[in-house]
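Enquirer: Each chain is listed here by its residues.
2 protein chains.
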Amino acid sequence: MSVIRRFTPDERGGFRWEAVDRLRYKEEGSAPFKDVTRQVLFAQPDHASELRYFEVAPGGHSTLERHRHTHAVLILRGHGTVTIGDATHPVAERDLVTIDPLVWHQFQAAPGSALGFLCLVAKERDRPELPPGDGAPPSAAADD
Amino acid sequence: MSVIRRFTPDERGGFRWEAVDRLRYKEEGSAPFKDVTRQVLFAQPDHASELRYFEVAPGGHSTLERHRHTHAVLILRGHGTVTIGDATHPVAERDLVTIDPLVWHQFQAAPGSALGFLCLVAKERDRPELPPGDGAPPSAAADD
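Protein chains in written order, with my numbering: chain W, 1 to 144; chain R, 145 to 288.
Keep in mind that the hints were calculated from the coordinates and are not lab data.
Certain hints may be false.
Label pairs and their computed distance ranges (CB to CB) [unchecked claim]:
hint, chain 1, residue 1, chain 2, residue 2, range
1, W, 27, R, 257, 36 to 46 angstroms
2, R, 271, W, 1, 15 to 25 angstroms
3, W, 46, R, 174, 18 to 28 angstroms
4, R, 230, W, 112, 45 to 55 angstroms
Below, simulated DMTMM-like cross-link-like pairs (lysine to aspartate or glutamate); rule was C-alpha separation at most 25 angstroms, straight line [as the list claims (entries may be wrong)]:
hint, chain 1, residue 1, chain 2, residue 2
5, W, 123, R, 190
6, W, 123, R, 244
7, W, 123, R, 155
8, R, 170, R, 273
9, R, 267, W, 86
10, R, 178, R, 190
11, W, 123, R, 194
12, R, 170, W, 126
13, W, 123, R, 270
14, R, 267, W, 11
15, R, 267, W, 46
16, W, 26, W, 93
17, R, 170, R, 194
18, R, 267, W, 126
19, W, 34, W, 11
All figures in this text were calculated on a predicted structure; none of them were measured in a lab.
Just so you know, even glycine gets a beta-carbon here, dropped at the ideal spot from N, CA and C.
Okay, chain W solo, but in the shape it has when bound:
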């Protein structure tokens, strides 16, 4: 059905939309992360890809992980950093982040700012891999 779903931020400025559920980022305990939510903005039956929105609360972070599919991210809210392989870079609203297959990566919100980003992914994709042990990426990371 053709529809306009209005942008309706919550009382704390969190990005929300009409008729879009705010979901857990992942199951608690399934992987290390802190203060992240997930919203599926578009998942059309005739599209092979989805557009999802993740929001990391101030000071929070996504899981350090890697996967075979390319990451295609547009920062939609706030600022923070992204770790790609061995390097950490600042990111701000509307920056585009491309992460190659099998490169370890993690998004971190700044201490005083949420970090929200769009992520374009194929509906059928491989599951992320987590680093072994203490959460540090293996030294022989695929992006070396």
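Knowing the structure of chain W, use the given hints to seat chain R on it.
Expert: Just chain R now, kept in the frame of chain W:
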């Protein structure tokens, strides 16, 4: 290659990104439109879909058209209106617009504001169809 492409608006506030070409919306004369540009933000080899950014200058409009693929749009800049079938609706930053297959549609920037929007599309998609004659959609539009 993993890369961060910074958001670098032009001197007039037009949305631009590092290493992203600003292209013609369509070939001049191929279809009626006014003051629209196109930028391909993501077109990864392993993705079946692309994320594109269209910007309509104040007072401009996209082509009135329809196609078999679903339109999935997120307004990224400014405000204006979207015509879907027989109805015209206001749209503003971050609103989500879904347009069903074969529904006539057109985006219009407000007289005093650019209208920029992300569009998620399959790389392989049907070509848009234009209305016959004077540019008004046939009265028996597919969304009736």
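Enquirer: Hint by hint, say whether it matches the structure.
Expert: Structure-based check of each hint:
The given range of 36 to 46 angstroms is respected by residue 27 (chain W) and residue 257 (chain R), whose C-beta atoms sit roughly 42 angstroms from each other. For the pair residue 271 (chain R) and residue 1 (chain W), the supplied restraint of 15 to 25 angstroms holds, since their beta-carbon distance comes to about 24 angstroms. Roughly 25 angstroms separates the CB atoms of residue 46 (chain W) and residue 174 (chain R), a value that falls within the hinted 18 to 28 angstroms. Our hint of 45 to 55 angstroms for residue 230 (chain R) and residue 112 (chain W) holds, since their Cβ atoms are close to 47 angstroms apart.
Distance check on the hinted pair: residue 123 (chain W) and residue 190 (chain R) sit about 12 angstroms apart at the alpha-carbon level, within 25 angstroms; holds. For the proposed pair residue 123 (chain W) and residue 244 (chain R), the alpha carbon gap of about 20 angstroms is at most 25 angstroms, so the pair holds. Pair hint residue 123 (chain W) plus residue 155 (chain R) does not hold up; C-alpha atoms about 38 angstroms apart against a cutoff of 25 angstroms. With a C-alpha separation of about 14 angstroms, the suggested pair residue 170 (chain R) and residue 273 (chain R) falls inside the 25 angstroms cut-off, and the hint holds.
For the suggested pair residue 267 (chain R) and residue 86 (chain W), the alpha carbons sit about 33 angstroms apart, so the restraint of at most 25 angstroms is broken. For a cut-off of 25 angstroms, the pair hint linking residue 178 (chain R) to residue 190 (chain R) is broken: about 33 angstroms separates their Cα positions. Between the alpha carbons of residue 123 (chain W) and residue 194 (chain R) the distance comes to roughly 14 angstroms, so the proposed pair stays at or under 25 angstroms and holds. Simply put, residue 170 (chain R) and residue 126 (chain W) have alpha-carbon atoms about 36 angstroms apart, too far for the 25 angstroms limit, and the pair is violated.
For the suggested pair residue 123 (chain W) and residue 270 (chain R), the alpha carbons sit about 21 angstroms apart, so the restraint of at most 25 angstroms is met. Between residue 267 (chain R) and residue 11 (chain W), the direct Cα distance comes to roughly 38 angstroms. Violation of the 25 angstroms bound is thereby established for this hinted pair. About 12 angstroms separates the Cα atoms of residue 267 (chain R) and residue 46 (chain W), which keeps this hinted pair within 25 angstroms; it holds. Between residue 26 (chain W) and residue 93 (chain W) the alpha-carbon distance is near 24 angstroms, which keeps this suggested pair within the 25 angstroms criterion.
In summary, the hint linking residue 170 (chain R) to residue 194 (chain R) is supported, as the alpha carbons are separated by about 17 angstroms, within the 25 angstroms threshold. Distance hint between residue 267 (chain R) and residue 126 (chain W) is fulfilled; the C-alpha atoms sit about 21 angstroms from each other, no more than 25 angstroms. Among the hinted pairs, residue 34 (chain W) with residue 11 (chain W) is consistent with the structure: their alpha-carbon atoms are about 21 angstroms apart, no more than 25 angstroms.
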